[in-house]
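S.K.: Protein chains in written order, with the numbering used here: chain A, 1 to 474; chain B, 1 to 93.
Read the hints as simulated data drawn from the structure, not as lab findings. Don't take each hint at face value.
[Said to hold, decoys possible] For lysine-lysine, the following DSS-like pairs were computed, each having C-alpha atoms within a straight-line distance of at most 25 Å: (1) B/79 to A/429; (2) A/346 to B/38; (3) B/79 to B/38; (4) B/38 to B/86; (5) B/38 to A/429.
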Amino acid sequence: MRRLALLTVTTLLLVLALPALAFAQDGPTVADLSLAMDTMWVIVAAVLVLFMQAGFAMLEVGFSRMKNVGSVVAKILVNLAIAALLFWAVGFAFAFSDGGALNSIIGTQGFFLAVPEGQVNSVFAGLSWTQVPLSAKFLFQVAFCAVSLAIVWGTMLERTKFAVYVIFAVVFAGLIYPLVGHWIWGGGWLGSLGMQDFAGSTVVHLSGAMAALAGTLLLGPRLGKYDDDGNPVTIPGHNMPLAVLGVLILWIGWYGFNPGSTMAAVPEIADIAVTTTLAAAAGVLGAMIMSYVYRRNVDVGMGGNGAIAALVAITAPCAFVAPWASIVIGFVAGVIMYLTLVFVDKIGVDDPLGAIAAHGMGGIWGTLSAGLFTTPELAVIGQPGLFYGGGFYQLGIQALGIVACGGFVFIASLAVFAALKATIGIRVKPDQELDGLDIHEHGVFGYPDLVATDYQNGSGNGSRQSKPAAERTS
Amino acid sequence: MERPITQATGHNNNIVIVFEDRVELRSGWQGQNTENVKLRDISSVGVRGFVNVTLTIQENTGRVYRLDRMALPDARRIKSTIEQQKSRASLYE
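Construct the complete structure from the given sequences, taking the supplied hints into account.
M.R.: Below you can see the structure in the form of structure tokens.
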């Protein structure tokens, strides 16, 4: 009986004491939880942005002919790899570190992410406004760099040497992109002037598009793109469902791109996601309406490009504008994209993916639209837009940023592509282009049992007819 | 099918292909126009420019073929191949 009473008393004491003991331990503080939440959000956003590479892969595969799909995915893989390594080695330091006397132009510390203990915020001053760890900052920013690089090749599909992708990726990820990033995001001169580019309409998309334009001008159009009178000939992609899947993956990835650029788990990410969604939806409709007005049919590819153009456009002002303005921005982006695509085609620039129209003009319009639609309440950087009584100051800064960044990237990229053209050449041989890059550059077909290549006047090894593999190899 | 020694792309669907005894210049939307120039009829091959290079092939008759906006290594390779083939042919004549 005594034993039972002792056991009961002991049990009761333990039950009473345990919660007190639990509370007596050092638990996570609110600051710890905030840091953990922010880090988790930034990593999730970075993964979403990295997932956009899959979107670019599917988009480019869909818009390519089946003889070139293997080269497209090989190029995506190698570019992601080079972007990751170069941005880790030098790019991140150029973009976001403190450059001392040169800080308005370039960062000069923190190469290879090497930072003395406790000095992360002073070395990487450009990103000191977010509390997440350096690794999370790097992961998020390297994903952006890879997106910008992926945009470059949309115009140069189906005829570019693989070596060109590799060499240009080194220069772009290591120097060109980080410089522009530093000017606007890393404490450089455009950021100091108050340029509004929340998630990178200019830094990421316009940069990629201007490099693409420079490369395409030196590369020339694909064989058969223009007829004997110089009129553009449509070279249809081989798989529209894949292209649209790519667009939808990009659309989803954009929820990491735009809301993730807060680099903190704050309630505003929901507002940014809303403006992103509304703009993309309006962009699809804008491009489809233009397609119907212009051609009397609803072009699927144009609808997809409309979504991308709108997403590109809302990238700069997504945190600064009201939902109604995001619809206007997206719709206008879809219309502008279509008109630019037709214009670019007519002047002899072969852009299979529409990257110049979607990312280039979308980036320009988006950057300018921040100077038009930014509300006074949301203008945490710079001034309110023209339509909210902010005058022309912000619009002028936005235009200056477009000219400076676009012009720099175009000239720098033109120099790199010109050097490559004068040394190793940037274009494959004609029979390689006609047979497809898969077999010549990578030794395999994207679709081994079903491939259609171009046949030109007795040359080349391919045929317009699809042949069984056995017959083809005999 | 006869195997070309080398080949390159110029601007506007123009292709130049060097065979053992001739140079084939293809043009047109799907390469439907072909000009065959015998190596013995070629008097000179010129390369002008650095980035967007112009390759000129001149016949003994004075006719000149121009391919614009070629890459420098491509144009040089075509020129050297034609000259090599011509000098090799002369060894046997």
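S.K.: What's the verdict on residue 79 of chain B and residue 38 of chain B, does the C-alpha distance respect the 25 Å limit or exceed it?
M.R.: Given pair residue 79 of chain B, residue 38 of chain B holds - Cα atoms ~14 Å apart, limit 25 Å.
S.K.: Taking 25 Å as the top limit, are the C-alpha atoms of residue 38 of chain B and residue 429 of chain A close enough?
M.R.: At roughly 22 Å apart (the allowed maximum being 25 Å), residue 429 of chain A and residue 38 of chain B satisfy the hint.
S.K.: Does the structure keep residue 346 of chain A and residue 38 of chain B at a Cα separation of 25 Å or less?
M.R.: violated (37 Å)
S.K.: Does residue 79 of chain B pair with residue 429 of chain A here, judged by a C-alpha cut-off of 25 Å?
M.R.: holds (15 Å)
S.K.: Need the status of pair residue 38 of chain B, residue 86 of chain B: alpha-carbon distance at most 25 Å?
M.R.: holds (10 Å)
Consistency note: the structure conflicts with earlier hint 2 alone.
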